[in-house]
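*Asks:* The two chains are supplied separately, each in an independent frame; assemble them into the complex guided by the hints.
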Amino acid sequence: MANMREIRSRKKSIQDIMKITNAMYLISSSKLKKARKNLLAAEPYFEKLQFTIHDILVRTPHVHQVYFQRREDIKQEDRKKGYIVITADKGLAGAYNHNVIKRAEEEMGKSNNNYLFVVGQVGRQYFKRKNVLVDTEFLYTAQNPTLYRAQLISETIINLFEKGELDDVYVIYTKMITSIRAEVQFARLLPLERVKFERRASGYQHARFEPSPEEVMNHLVPNYIKGLLYGVLIESFSSEQNDRMMAMEAATQSAKDMLRELDLLYNRARQASITQEITEIVSGARSLKK
Amino acid sequence: MAKTFQLEILASDHPFYKGECEMLIFPGLDGEHGILANHESMVTCLNAGELRFLVDGNWQYAAVSAGFVEIMPSYVVLLADTVERPEEIDINRANEAKRRAQEKLRQKQSIMEYYHTEAAMNRAMSRLKVTKRHTKA
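Protein chains in written order, with the numbering used here: chain C, 12 to 301; chain G, 1062 to 1198.
Derived from the structure by calculation, the hints contain no laboratory data.
Remember, it's a predicted structure, so these values are computed and weren't measured experimentally.
No residue lacks a Cβ here, since even glycine has one placed at the ideal position from N, Cα and C.
Watch out, some of these pointers could steer you wrong.
Facing chain G, from chain C, some residues (calculated, C-beta under 7 Å) [unchecked claim]:
(1) F220
(2) H230
(3) L231
To list a few chain C residues with every Cβ distance to chain G over 10 Å, as calculated [what the hints assert, rightly or not]:
(4) R16
(5) T71
(6) E88
(7) T147
(8) L158
(9) N234
(10) R271
(11) R281
Excised from the complex, chain G in its bound form (with noise of 0.2 Å):
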């Protein structure tokens, strides 16, 4: 058996998994962060992409967006705007954004209007990744 810490992942609107973990692997600003027990305590900050946790030797994985992570050795919190297993993403939901945000940004924009877009659009993305990969068609 692993060692294993405390992982907490809290959802804006719903509280996501609570429990123990082996590792955790998750999208950071300058690319995804692996993390195993006693890790140094670090805060770092969360990027749209594709979220993966071991417990019990099983990977589960989650589309999470904007959010950020509280690293101590012994526990890990991570919170974001949205978590989501790719069972719950609905596809055609994702793909009518992701067109939505291609369209969008091929408009004139306020620098603010397209860094939403931007956002929206790697939203769509990861959602769209998370649910390629690990849902059977």
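Bound conformation, chain C alone (with noise of 0.2 Å):
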């Protein structure tokens, strides 16, 4: 049976770690506030923008614009891809880097020319470990998302798609589905693709564009684009926020559970030295009485 002491400062040790996993609880919990406030500000306006973006590709005529072409010249294997990957600034939030990671390299593993944009500090400290080539210029934090980032990071993704530095962009973010569910998302960012097939199917009409098709893609691809990281820049910060209130809960709950457990040994442990010293007390007694 461990002694005493070894048991109390076990203990002490214990406590000392679930002051801090609560108050991370405690802090994680108010920024979810937030953070869930801003989603579901954002969530319509996120939600129609997708809807109307897809509704406008099925009226959109053929041109020949710089966010529709698809490059199929270029060899599978000599594809630029570029993936953003979306990740938290800290880590102690459950599986929610590493879901994230796992996805990332998942679809890095298809190609030989990967270009990371990563957005948080676990993320880029993850690949520069692994020596994975990350943009370095790219440092974008992944607290409190703003339109204004969401607007750099879009302008220097549409820049680079523009001058042929990448040939596909994704996006690799976490979605919130229910407060106890995330989901790991992946989804194409360039190039647009026009909805062809379903348009026939049901008889679509060719919108018209004012001033013309070309002029208005110019406007609304960048707005669309700056709109959609904007998303998801928020969906990914209240998931971050929800995981790392979950597992700071898991720990302190688990935390609790432990001292219980070491309460229980400390007790016996206890009652081991009294019972102990009394039989030596008694017997020192009788042999002294004899």
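*Replies:* Quick look at the structure:
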């Protein structure tokens, strides 16, 4: 049986860690409240944006426009693929970072020309350790996403795409499905795909584009990508907070369980030592009597 | 009662308006566009400026920034980065933003920075314009 001093110091260290996990739980739950509010405010826009773009793409006549270039002449293995990976700035968020990174690696395994654009410190450090090429000037935090940051990111990406330094652009992020379930999402940003078959089937008419389809797309696509990235950042940020909250709640709970067990052990050790002392005293007194 | 169409205005940070509307006037790339019910289907972009829409005979005003509009015969969807009512706009902030942009425009900048500043300037100007016109000082 472990001695009392050992158990006591172990209890102390668990209690100290529990204080930290509990504080982190409280912090992330208050951050989550804020992030959830932002998410609720931005979600209608985000969803309508995707829906409307889909609707517009169905009605778009064929245009020779840079955002639609699929560059099919480039062979599959030579295509330069860009991935925007959204991770957290800090760890201790359960499997949040792990899931995103795992998905990113899975996708990266499919081709050789990968360009990574990582949002968040954890992902950046991870890929750096693995000696994967990461765009070093792409430094954005995952905290409190703003439309302005989404704009900077989308400008960088669109610029690279226009120059032909990227042929496909994907985004990997986490979406909160319910408050207890988050899922990693993988979506293509560029090039855009016109939906041909659906249109033929349902007899959609082409819409008029004012002043011209090219001009409209020149404005619309950057705007769409900005809005999409904003939505993606907000989704990820709130699922990060949610995951961290749950991880810390679980950690606090298991600290409590451990403490309960150690309490039992400690009491047993204390009783044993008292019993032993009494036995010693009694036997000592008896030997004196003789 | 004039003919109406379903209008939905969404800003990136909140849904702004959803409901019937008789007429919508928004700032396009090449000047203002006016939309009535049964308009031909059209897709176009939005510039920073003043937005007006007629509901039950009353004009409502808002300042918008960049975005786009999808117009269908029976409904219109307008998506913009920001949409604000005149009374929501902080005049001091807009003035400050305008002054900052003016100062920046005097400095040497890269083309990208120049576009950013110009857009910021436009936003500030349109906010000021909308508040000046539609709030009673």
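*Asks:* Decide, hint by hint, whether the structure agrees.
*Replies:* Hints and how they fare:
1. F220: holds, 5 Å
2. H230: Holds: closest Cβ of chain G sits about 4 Å from C:H230, inside 7 Å.
3. L231: holds, 5 Å
4. R16: Since the minimum Cβ distance to chain G is about 58 Å, C:R16 lies beyond 10 Å and the statement holds.
5. T71: violated, 8 Å
6. E88: holds, 33 Å
7. T147: holds, 19 Å
8. L158: violated, 6 Å
9. N234: Violated, since 6 Å does not exceed 10 Å.
10. R271: Fine: 46 Å to the nearest Cβ keeps C:R271 off the interface.
11. R281: Non-interface label on C:R281 holds, nearest chain G Cβ at 60 Å vs cutoff 10 Å.
Checked against the numbered hints above, the structure violates hints 5, 8, 9; every other hint is satisfied.
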